[in-house]
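Colleague: Protein sequence lines, in the order shown, are assigned to chains E and U.
Just so we're aligned, residue 1 is where the first sequence starts under the numbering used here, counting upward by one.
Just so we're aligned, residue 113 is where the second sequence starts under the numbering used here, counting upward by one.
None of these hints come from the bench; they were simulated from the model.
Any given hint could be a false lead.
Unchecked claim - Straight-line C-alpha distance at most 25 Å; calculated DMTMM-like pairs for lysine to aspartate or glutamate:
| # | chain 1 | residue 1 | chain 2 | residue 2 |
| --- | --- | --- | --- | --- |
| 1 | E | K83 | E | D38 |
| 2 | U | K212 | E | E15 |
| 3 | U | K184 | E | E52 |
| 4 | U | K217 | E | E85 |
| 5 | U | K220 | E | E85 |
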Amino acid sequence: GGIITQTPKFLIGQEGQKLTLKCQQNFNHDTMYWYRQDSGKGLRLIYYSITENDLQKGDLSEGYDASREKKSSFSLTVTSAQKNEMAVFLCASSMGGQDTQYFGPGTRLLVL
Amino acid sequence: QQQVRQSPQSLTVWEGETAILNCSYEDSTFNYFPWYQQFPGEGPALLISIRSVSDKKEDGRFTIFFNKREKKLSLHITDSQPGDSATYFCAARQQGTGSKLSFGKGAKLTVSP
Chain E
1 GGIITQTPKF
11 LIGQEGQKLT
21 LKCQQNFNHD
31 TMYWYRQDSG
41 KGLRLIYYSI
51 TENDLQKGDL
61 SEGYDASREK
71 KSSFSLTVTS
81 AQKNEMAVFL
91 CASSMGGQDT
101 QYFGPGTRLL
111 VL
Chain U
113 QQQVRQSPQS
123 LTVWEGETAI
133 LNCSYEDSTF
143 NYFPWYQQFP
153 GEGPALLISI
163 RSVSDKKEDG
173 RFTIFFNKRE
183 KKLSLHITDS
193 QPGDSATYFC
203 AARQQGTGSK
213 LSFGKGAKLT
223 VSP
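So that you can see chain E by itself, here it is in the shape it has in the complex (with noise of 0.2 Å):
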């Protein structure tokens, strides 16, 4: 077995703010994905990786970075973040993209 972390569980940020969320796991998988989960909109890909150092685009990149810095870790940026903006953002893992993703608690957001 396996776990995700992702860390902050809770992240508070102001308006124009440049905040990160780490994600970290210990599956030994080689793919990573990053989702948006917005209140009655489903889980939308904003970034994966299959790979260390590898970064594909998913539908909803604008606004977001990403960075795999090493097997193990995936990393989202919100480059400006959004008055009121409000999302649970949640990290995946699978040994390969045909896979079943195994999914983080999430990382709950708030802009004020």
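Following the hints, position chain U against chain E.
Modeller: Just chain U now, with coordinates in the frame of chain E:
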């Protein structure tokens, strides 16, 4: 454009009843359909999945029925328990792209004792 649609958005059933959650999709190249279950404060977790070569997949009280011709599938939860109260996401993957799942908006199930 929403590639995967779910209905109803929310459903309440009594304990012991069968809950039915529906899903439809647009893209005929989708060939893998997982259902994820999410409890409040947690990330989604894979519950059950089906490939387009099958029309039914069963795992305990959870069954997926799949109709390729109509591009529809449904998740049946028999003998529903209060612990099944969660949000359920239908997802689909396009053949050949590998990494990208398209998710529906989710369906919130409440099982009343």
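Colleague: Hint by hint, note whether the structure agrees.
Modeller: Do the hints match the structure? See the list:
Taken as a hint, the K83 (chain E) and D38 (chain E) pair is honoured in the structure, with Cα atoms around 15 Å apart against an allowance of 25 Å. A C-alpha spacing of about 31 Å is found between K212 (chain U) and E15 (chain E), which places the hinted pair above 25 Å, so the restraint is violated. At most 25 Å may separate the alpha-carbon atoms for a hinted pair to count; K184 (chain U) and E52 (chain E) exceed this at roughly 37 Å. Restraint check for K217 (chain U) and E85 (chain E): the C-alpha separation of about 19 Å stays at or below 25 Å, so the hint holds.
Taking the CA atoms of K220 (chain U) and E85 (chain E), the gap is about 23 Å. The hint holds against a cut of 25 Å.
Comparing the model with each earlier hint shows violations of hints 2 and 3; every other hint is respected.
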